[in-house]
Amino acid sequence: MEKTLKMIQSVSSSCTKIDAADVMVSVDKKDLHKVCEALYKDGWDYLINLTAVDNVENIEIVYHISKSSDMEKFMVLKTNTTDVENPIIETVSDIWKSANLYEREAYDFFGVRFLNHPDMRRLFLRPDWVGYPLRKNYDNTPNEGIPSKVHDMDACEDVPSITLDRHGEIVENHTKLFGRNEYVVNFGPQHPSTHGVLHLRVSLEGETIKKIDPNFGYIHRGIEKMMESMTYPQMLFLTERLDYLCGSMNRHALCMCVEKAMGLEIPKRAEYIRTIFDELNRIASHLIGWACMCNDMGSITAFIYGMRDREKIMDIFQETAGGRLMTNYYVIGGVAQDIHPNFVNRVKEFIPYLRKMIKEYHTLFTGNPIARGRMINCGLLKKEDAIALGMSGPNGRASGWHCDVRKIAPYAAYSEVDFKEILHDGGDTIDRYMIRLEEIEESLKIIEQLIDKIPEGDFRAKVPAIVKVPAGEYYQRVENARGDFGVYLKSTGDKSPYRIKFRSPSMVAVSGLDPICRDTKIADLIMIGGSLDYVIPCIDR
Amino acid sequence: MLEVGGILSWIHEALSSSCPEWLTLLIEYVLIGVGFLALYALIALILILLERKVCAYYQCRLGPMRAGFWGLLQPFADMIKILMKEIIPLLKNDKFLFFTALFLVIIGSLCTFGALQFSKDLVGIDFNVGVFYVLAISSLGVLGILLAGWSSNNKYTMIGAMRAGAQLVSYELSSGLSLLTIVILGGTMQLSGLIEAQSETWFLFQTPFTWIAMVIYLIAGHAETNRGPFDLPEAESELTAGYHIEYSGITFGLFYVGEYVNMFTIAGIGTMVFLGGWQPFHINAEWAAGFNGVMDMIPTWLWFFAKAFGLVMLSLWVRWSFPRLRIDQLLHLEWKILMPISLLNMLLMALWVTVLVPLFA
Amino acid sequence: MKKYIKDLFSGIYALLQGMYITNLNFWRPKVTEQYPEDRQTARQFERFRGELVFDMNDQNEHKCIACGLCARNCPNQSLEVITKSITTEDGKTKKVLDKFLYDLGSCTFCSVCTQSCAQKAIKWTNNFEHAVFNRSALVKQLNPEGSKAIERKPAVAAPKAAPAAGQNENQQ
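Residue numbers (our numbering), protein chains in the order written: chain A, 1 to 541; chain B, 542 to 902; chain C, 903 to 1074.
Take these hints with a grain of salt, some might be off.
Keeping only pairs whose Cα atoms sit at most 30 Å apart, straight-line, the calculated DSS-like set for lysine-lysine is [stated by the list, open to error]:
id	chain 1	residue 1	chain 2	residue 2
1	A	Lys359	B	Lys594
2	A	Lys210	B	Lys594
3	A	Lys495	C	Lys1050
4	B	Lys877	A	Lys210
5	C	Lys932	C	Lys1001
6	A	Lys210	A	Lys225
If we take Cβ atoms under 10 Å as the criterion, some of the chain C residues that face chain A in the derived model are [said to hold, decoys possible]:
id	residue
7	Gln919
8	Ile923
9	Gln936
10	Tyr937
11	Arg949
12	Ser1013
13	Ser1049
Some chain C residues flagged as far from chain B (calculated, every beta-carbon gap over 12 Å) [said to hold, decoys possible]:
id	residue
14	Leu917
15	Leu926
16	Val933
17	Thr934
18	Met958
19	Asn962
20	Glu982
21	Thr995
22	Lys996
23	Gly1007
24	Lys1025
25	Asn1028
26	His1032
Hints are computed from structural coordinates only; laboratory data are not their basis.
Glycine is no exception: its CB is placed at the ideal position from the N, C-alpha and C atoms.
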């Protein structure tokens, strides 16, 4: 880390180290691109997250960067611009591909325009939206600044970008997203297999896909903005509405973030219960992922089988936590209630049942020559691309990228269990398909190891009546079923956060659709979409 | 006996004794027409219920349970609902072709249905080129589907129609070739003649090549009905509903009914050509005379429907077990696997009939 | 050619195996729950959060002291505590509960209210049949007419519910 710091300092004189514990470096915006390039050359090739923060007097961009070969460490790079009226910062999307969407998001919500970014459209909001909602001075009276309808559909096709001309002046360029003669088909927002309200505009040539433009924001609820006005216990329930298929894990991330910031010690019992719940949730999510992918490929029977077996997990959740998808089980300091007396037995019954069912899944679907013929050598994602796109989780592991946060930075009880991180090296659809079923088995192993060893004791630590997080910035990663889920929390010491941002593994998965699906068929797009297993509410926070 | 022939001849006699000949014929034609339409609708309803129930059972569900006992009235409820639904007019499409397409599909399906021979006496059309007729008239549906996709003025229907065109035209080949294999064996194109030739032993048990022909026919026929792993034209997870997205109410209902009856028609033709149609199962041996007698007791229409529904069940089983093919896999399967095999099969069958059989006779 | 034939037969074998699995499930007991018919026997989990109710005793008394903590902690403002002042026998004015309004329509069942209630006055029931024809019918008054808070002896004026092990108390 010291070496990296020295390296950055040699590139940029403006670099200052802010925090002693984590490596948190502030860079002048002039030197940003240079520093990032140097970092990239040094092996920092994985941009975890990019967050914009409105500090009123300036707008700050926070980069969380990591090395794909050594994900345990990550550094926080910061830059800011004091020009609040017209903030312009140089893009890093030419260095890290994953920055593309993150920067569009920052533009959408904070009005930060990125120099040389190829596509400075809004990401979630409509092109004619007035104002930048996550700014602190945004007027959020209802129906203010929202035009009734888009009058000019061409506005949606218009791609602005800003570059510097020869004299160093900023010029705005406009290009069209699709050519006049392209056969553009809208997949979504109401489409049976976009896994939510995702809108893909697909340029076709016959059956072959030429270009995909994802379009988000149909169910954007402004969760990050809402949370800024909520207390910490209040906002927990919103995390489960992000990625509803792994709600517990998202909630775990926020709980851990707050707990670590407050320096709370979590009882062992709570940690064990949380780990078991996380793994059950992962199984449920992977079952749905598998089932939906089969459904996308036309095998509705397999879909129903997946749903049938997931129902058993939902029952276990409901018995202990009282909720099915939205378990509302984790609270700051532990879990809300002790486990139900039946919990252990039910889980123990479930494990052998699911093992048997997974064998059936393999016979029914994995072995099927039609399915194999469709999946093998289709939708190739190379390891480098996965890292560049930031596509962590099962999708990254299918490409051979060791990126399991449970292994890299163990949290809860993961350091105490013995499990394997499943790695495939093909990176095609069948690898992404297989990895989910294999991870279910690994999760079963984890649960098996923990279920008998849940320690006695409190299930919840003593928490102050009013939860206040000390001033500072915190970042907590967890491995949710779709990948590296992160919470960035900036607190001013108040009882609600100053800025909160979630790293959505689904968003990077969707951003990978275009490079993966080029020159495949329509049917492959649907299948690859299923194999990437994205959940749209996680994108449309 | 439970044969329908007696009733039919009784009606005929009653009519001809009281009416002049032309009136008798007219009334009989109308009666037959109405009867066929009623049977057509009834089979569609049965199949819809069967499909929903069987699919549910394969998926560990119960299926419709609320309309009538065990959900038996569900298709009637569906029918009433769909009849009451609005036919939503489209703004910018070719209205004439839009509705012509529908009728082409339904006429194609109905005319093929008419060629089925339900029992010894219940025969609609029986040309001397029956097989040829069936092949020709069933292709009318392709035209309808293509037109439907084109005239809806929608990108999804367009893709669906193009897929349907490619698929149906290809699979027509193998199903035609496998039927021709049987024509070689039976020595006639007349469907009643083919069934007559199976009175001792069904074609299925006459030569090994019939087995191959039957498997290929069932695969190709399954593909022609746009079902199962071959439902690309309407691939609901890809094209939402394919060529019939823009059809609503009963216009959609007719596509739906047409598709289901096509499934039955394919099974029916398969029954007639490979499984002896309405012919009972006989064991061609001295000692089995008693057994054959028992088999003869079962009415012939029951034989036909049992066999046809057996094939329908097989097709449902396949449909609910497999994922959908991709368009290139689909064409690969037809042109590189089914077509060469069925050509070879036909050649072998011709050799069997012309060389081997006379040699041993 | 040999591979072609081998692929063909292994493909057919795998397809038949898939059909075997669906056939297996054809004969298995079905998992469908026939909801309106099995209302009485349907599995219910006692912790299921269906609807918020007051924990009443048989004398038509509740435990709410109208502190308003739940309403303040609710993320969606779906609780409203309306208080009134009454004069007790010994001449003191006292703030008691008038109406406790619960808007089921905006409730997210997050349990923050029940966790923050120090008196354990509100709890969840399993009732999940909430459908009504009018949205205003979803706003429910939780304290029945004529009910009153449990009289507490003056000695325990500020009762503390004995904190259960590990239970968080959001008392202020």
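Against the structure, test the hints numbered earlier, and report the numbers of the ones violated in rising order.
Numbers 2, 3, 5, 6, 9, 10, 13, 14, 15, 16 and 17, in rising order.
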